[in-house]
Every structure is written in C-alpha cells, then in structure tokens.
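Asker: Here is what each chain is made of, one letter per residue.
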Amino acid sequence: MLAYLTLILLCQLAGELVAGALSLPVPGPVLGMVLLFVLLMLRGKIPQGLDQTANGLLQSMSLLFVPAGTGVMLHFKLLGEALLPLGLALVFSTLATIVVTARLMQWLSKEPQDE
Amino acid sequence: MNNLQDTWVYLSASPLFHLTMTLVAFQVANYGFEKAGRNPLLNPVLGAVILLVGMLLITDTDYDTYFEGAQFVHFLLGPATVALAIPLYRQWHQVRQSALAITVSLLAGSLTAILTAVVTAWIMGGSLPVLASLAPKSVTAPVAMAIAEKLGGLPSLTAVLVIVTGIFGAMFGPIILNLVGVRDWRARGLAMGTASHGIGTARALQVNETAGAFSGLAMGLNALATALLLPIIWGVLLVLQSVPAQP
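Residue numbers (this note's numbering), protein chains in the order written: chain V, 1 to 115; chain P, 1001 to 1247.
Just chain P, same shape as in the assembly (with noise of 0.2 Å):
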C-alpha cells in the first residue's frame, strides 16, 4: 500500500506523467471534436489546455514540472513546420499561378493584424508594454516573441496571447468566412495562416490540402512580412502616440 503510494508521489512528478496527461487531455478534447462532426467551436487544442490548467491548478502543480513532460510534445513544433514543406509543394502550381494575389493579400493582411490590433488596445487603455505584447499576436510564437521583445514587450505574454490567437482564428474563422461568402480554399487557408498562423494552418490542413498550403505559406511568410514591417509601424506609433501627450 504504501509502495504504491510512494511509487504514485514518484510518478506523478515525472516527465512521463504530464507528458501522458497531455495526450490523454487531447484525446479527450479531440474525441468531443470528432463527434461534434469537428465543430470549429470545439477546438481541441482549446479543450485540451482548459482540462490541463484545471488539472494543474487542482493537483497545485507548477508550469516548469508541467513541462518537463510536454517538452517533449512542444518540441515536435519545428519538425512540424518543416513538414508543410509537402503540402506547398504539392500545391505549388497553384501557388505560382496566384503569386501576385497571394503577395498583396498577405501584405494587407499583415498590416491588419498589426494596425487594428494595436489601435484598439491602445484606445481601449492598453499600457505600451501591453501593445508591443501584443503588435505581433498573428505571426508564429519564435518570431512573434523576439519581435515583442525588440519594441518592450513581454515575450511570455506574447506567447500566450499568440496561442489565443491561434485558437480564436481556428474557432471563428471558419464561421465568418461562411458569413463574407469566402469559399475559394486558396483564400479561406491564406487568411487563415496570416491572422491564426500554425493553429488556424493545423485547422485547415484537416479540412483541405490546399487550404492547408496556402496557410503554411502565409504563416511563413507573414512572420517575415511582420518582422522586417512592425518595427517601422512602431516607430511612427510611438512619434504619433507622443504629439498629443507634449501639449
């Protein structure tokens, strides 16, 4: 009795045991996905977080213990993303026909994403720390931390509402693109790369390979459209922010 006590005290700290928990979590968000005939709504990766955090916090586990265990899960993130390598070049004929499109579009999303994100924080009272926080919330968690931090923000609060980003993009996303009678996949998946990048990209690759490519490329090449643009934006930001401010 006590072996088995000790042995479970043992357990339930070790990496094996988050790293299952984190599985069995998203197995059972997924499972409520699937049978919901994938309701956006019911976005795994949303259901599985809320079980985890509620485990954690009832069991008064910290987030590093946690980690060790979903390291291993995290790390498979950049394998990952060199796998939509694939997709894009089974799509690539497509994508080569709509270079042009696909530049613009990304262009004008990118700056969306920054501008009305920053403007309605800021009018809302977001403190300068919270807006370089969260200037870069639609590009890929690396990138989007490492720009937080060049303008004064929080990387680790980037991170977060990175991920929310991601989650929103993939639950709402598809429901306002019905709304805007959006259907061709070459749209639906590069809006959903550029505002929701690997999330919103892991929702449209299982709805459509072409959608999923398109939003591979978008979340590739919105992170290196949003990394050479935000700090301009942000300086003019900043020279405007002041003008008022010096009566």
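One chain only, chain V, in its complex shape (with noise of 0.2 Å):
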C-alpha cells in the first residue's frame, strides 16, 4: 500500500517538476497521470496494491472538492452583485457543453450492434 502512494507522490513530483521547468499548461498532476499510465504500459498489468491504494483514493474524490468548494463563502459579495449573468452563463454553458460532447461523442463511435 505505502509503496504504492509513494508511487503516485512521485508521479505527482515529476509531473509539477516538468510542468514548472517547462512552464507547460498542463497542471503537474495530469502530467503525473499520464507518467504514471506509461509505467503501467511498460508493465503491462497493474499490481494489485496499486490498484487498492488507487481505488481508497478515487472512491472518495468527490470529498476532496470539499475544502475548495467551501471557499465559495469568500466570494458571496461578487457573486451576488454579478449573479444573473454568472448564473445564467454557467448553467446554460455547462449544459450545452454536455449536450454538444455527449451526442457528437455517441454519433462519431457509433457501434454497429449499438441500433
């Protein structure tokens, strides 16, 4: 288990190492994912410890936006004074984006025995 955080802290690790050095626009852990997903192919199966610790974290992703989202209590001066059109926007924005991505996703690889 403890081998296998280590593992992913030193994804993490290189991937903000890379992303600071280079000034890429990717965040350090998204590069640490895919550092992390090219070991994985070069190994060809994921170790079973690996797969718990990975697991214990996913299972509670959602808890961890909690903190951030709790910060939405600095903001409730500006977001009042500019409520309808961020309101507005985000709904109707994050609605679209769905629609647009989930249909065009469905229609490009679309399966044969899928109708």
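Simulated from the structure, these hints should not be mistaken for lab results.
Check the hints yourself; a few may be wrong.
Chain V stretches covered by chain P per the calculated footprint, using a threshold of three residues with CB under 8 Å from any CB of chain P [unchecked claim]:
| id | segment |
| --- | --- |
| 1 | 2-12 |
| 2 | 20-32 |
| 3 | 41-54 |
| 4 | 61-68 |
| 5 | 74-80 |
| 6 | 88-95 |
Heads up, incomplete: computed chain P residues facing chain V, CB under 8 Å, no partners named [what the hints assert, rightly or not]:
| id | residue |
| --- | --- |
| 7 | V1028 |
| 8 | Y1031 |
| 9 | P1079 |
| 10 | L1224 |
| 11 | A1227 |
| 12 | L1229 |
| 13 | G1235 |
Dumping the calculated SDA-like pairs for lysine to any residue here, alpha-carbon to alpha-carbon at most 20 Å [said to hold, decoys possible]:
| id | chain 1 | residue 1 | chain 2 | residue 2 |
| --- | --- | --- | --- | --- |
| 14 | V | K110 | P | I1050 |
| 15 | V | K77 | V | Q59 |
| 16 | V | K45 | P | K1150 |
| 17 | P | K1150 | V | A21 |
| 18 | V | K77 | P | I1050 |
Where a beta carbon is used, it is the ideal one built from N, C-alpha and C, also for glycine.
Hints in hand, dock the two standalone chains.
Answerer: Listed below in structure tokens is the structure:
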C-alpha cells in the first residue's frame, strides 16, 4: 500500500517538476497521471496493491473537492453582484457542453451493434 | 468545567477540528445521497459545502482558519488525479479505438464551454474581469486559475466558479444526458469530464468504470485544449467587442 502511495506521489512530483520547469499549460498532477499511465503500459499490468491504493483515492474523490468548494464563502458579495450573468452563463454553458460533447461522441463512435 | 471550556476553545480553532468537521459534513451529505439511491440532485459535495459554510458563518470562523484543517483533504486531489491513470489504463483499448471521435468531440465540447459561457455572460452585462474569470470554468481548478489570471480575471473567483460548474454538471449532467438519449458510457463520461472536470469525473466513476476513465481523460485533455485555445479566442473577442464600442 505504502509503496504504491509513494509511487503515486513520485509521479505527481515528477509531473509538477516538468510542468514548472517547462512552464507547460498542463497541471502537474495531470502530467503525473500520464507518467503513471506510461509506467503501467511498460509494466503491462496493474499491480494489485496499486489498484487498491488508487481505488481508495478514487472512491473518495468527491470529498476532496469540499474544502475548495467551501471557499465560496469568500465571494458571496461578488457572486451576489454578478449573479445573473454568472448564473445564467454557467447553467447554459455547462448543459450545452455536456449535450454537444456527448451527442457528437455517441454519433462518431457508434458501433454497429448499438442500434 | 473551566478546563473543559478552555480545551474546547483551543480545539475548535485547531486543524483537527476543521479536518474532522469536513469529514463529518461529507459523511452526513453522503448518507443522504446514498439513502436517496445516489440521486445526482443530492450531490454530496454541495451538501457538505452547505453544512460547512453554515457552520463557519454561525461560529464566525474565517476560511483561512478552516482551511488549515481542511488542507489535508484538499492536498489529496493531486494524488487522486494521478490515480486516474488506473481506470484509463484498464479502458485503454476502448480509448484507442475511438481516438478520432474523442479528439473531435472534446474540441467541440471545449469550444462550446468557452464560447457559450463568455457570450451569455457578455449579453447579460458581465464585466470583462467577470468574463475572464468565467471563461475557463469547465477546466480543473489549478489550470483554470492560471488561465483566468493571464486573461485579467480573478483567480479566486475562478476557483469558486469551477467548483460550482463541477457540482452543477454532476447534478444535472446525468439528467440531461438521459433527456437527449445518450446511453453510451464512453460518450457520457467524456461529456461529464469535459464540462465538469474532476467533480463530474468523481460522479462518473461511481456509476461506471468506462464512464470514469473517459471522464478522467476528458478532464486532462480539456485542461490542455482550453489552455491553448482560450487565449486565442479571448484575443478575437476583445477585438470584436471594441468594434461597436468605437463609433
């Protein structure tokens, strides 16, 4: 378990280093994900301990957004002032993005047995 | 008696207290979510945030004090993002098969996210800093904040808009996807990750592993696409906007 948590942190650290040093527009953890993915490809399978460790993190992923979300209390005033433009834009744009992406993807990747 | 009170005053400002409250609030919100058959409208992130903001306002605690405890949870976002490599690896044959479809759909989704947000807020009279803070709302927080700063927005406002977008997408995404008849897990996951980054991905992972893998992939790719596309689009919008303003 601990060994694989170490591996995950090392991947993140390497990702942060590369992103920072080359000032890439991608965040360090996303590069870390790519690095771990490449390591898995080289290895050819997922070690059982890594599977468990990763599952532990992914199962509780929703929880991890709570501290940042609570930061909403810092912006009550600004959010109140621009409530209509922000609210409408956010609602419309999020739904439009989901519909466009999903419909296009379903249409483009349609397999014969689907219909 | 006094001892108890002193200890309580000390503990209520300690990181342990706010870390524990973060987990308790989430457990409460998640209990309701599970009880309701994982109804997306009872999003546990939203529930926990409401409970915590209420508690902090009532006890007159500032966010910095709260975050001293909550940062330990916040920190795990990075490792969790790295861990998305596992579902991605497991679904890799599916991803590779539809590489072209993914690329096209993702670019279309990324452009939709940027353009519909900026144009809607612009029509509704949003100021330029508000538009710049809103434009990268569908992208994972650290990237969105960096982009907003570059465009002249407020990174901390962007962080909030990113979270709200994530929660909103996780709540209403599954409903709208049912409405428009998208049943393919690859398409559903890709859409959730493109529109609602990690929060959409967390939701997708709970429902289906294929959806989770495609969502995590979309989250990473949309961060890249938006970081590259948005500065260009923003430049064009600024030119367009200045034309009618100068008679």
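Asker: If a hint holds in the structure, say so; if it does not, say that too.
Answerer: Hints versus structure:
1. A count of 5 residues in the segment 2-12 of chain V with a Cβ less than 8 Å from any Cβ of chain P is obtained; the coverage claim is therefore met, three being the minimum.
2. Counting residues of the segment 20-32 of chain V whose C-beta lies closer than 8 Å to any C-beta of chain P gives 7; at least three are required, and the coverage claim holds.
3. Coverage of a stretch by a chain is defined here by at least three residues with a beta carbon nearer than 8 Å to that chain's beta carbons; for the segment 41-54 of chain V and chain P the count is 6, and the condition holds.
4. Given as covered by chain P, the segment 61-68 of chain V passes the check, having 8 residues with a CB less than 8 Å from a CB of that chain where 3 are the minimum.
5. By the rule of at least three residues with a Cβ nearer than 8 Å to a Cβ of chain P, the coverage given for the segment 74-80 of chain V holds, with 4 such residues.
6. For the segment 88-95 of chain V, the proposed coverage by chain P is satisfied: 8 residues have a C-beta within less than 8 Å of a C-beta in that chain, meeting the threshold of three.
7. The criterion of a C-beta within 8 Å of any C-beta in chain V is not met by V1028/P, whose closest approach is roughly 12 Å, and the hint is violated.
8. The beta carbon of Y1031/P is not positioned within 8 Å of any beta carbon in chain V (closest approach about 13 Å), and the interface hint is therefore violated.
9. About 5 Å separates the beta-carbon of P1079/P from the nearest beta-carbon of chain V, less than 8 Å, and the hint is met.
10. Checking L1224/P against chain V by beta carbon gives a least distance of about 5 Å; that is within 8 Å, so the hint holds.
11. For A1227/P, the interface hint holds, since its Cβ comes within 8 Å of a Cβ in chain V; the closest pair sits about 3 Å apart.
12. Residue-level restraint check for L1229/P is violated (minimum Cβ-Cβ distance to chain V is 10 Å; threshold 8 Å).
13. At its closest, the beta carbon of G1235/P sits 16 Å from a beta carbon of chain V; the interface hint therefore is violated under the 8 Å criterion.
14. With a CA separation close to 41 Å, the supplied pair K110/V and I1050/P exceeds the 20 Å bound.
15. Under the criterion of a C-alpha separation no larger than 20 Å, the hint pairing K77/V with Q59/V is inconsistent with the structure, at around 34 Å.
16. With a C-alpha separation of about 41 Å, the suggested pairing of K45/V with K1150/P is violated against the 20 Å cut-off.
17. Of the pairs offered as hints, the one joining K1150/P and A21/V holds, with about 18 Å between alpha carbons and a cut-off of 20 Å not exceeded.
18. With a C-alpha separation of about 17 Å, the suggested pairing of K77/V with I1050/P holds against the 20 Å cut-off.
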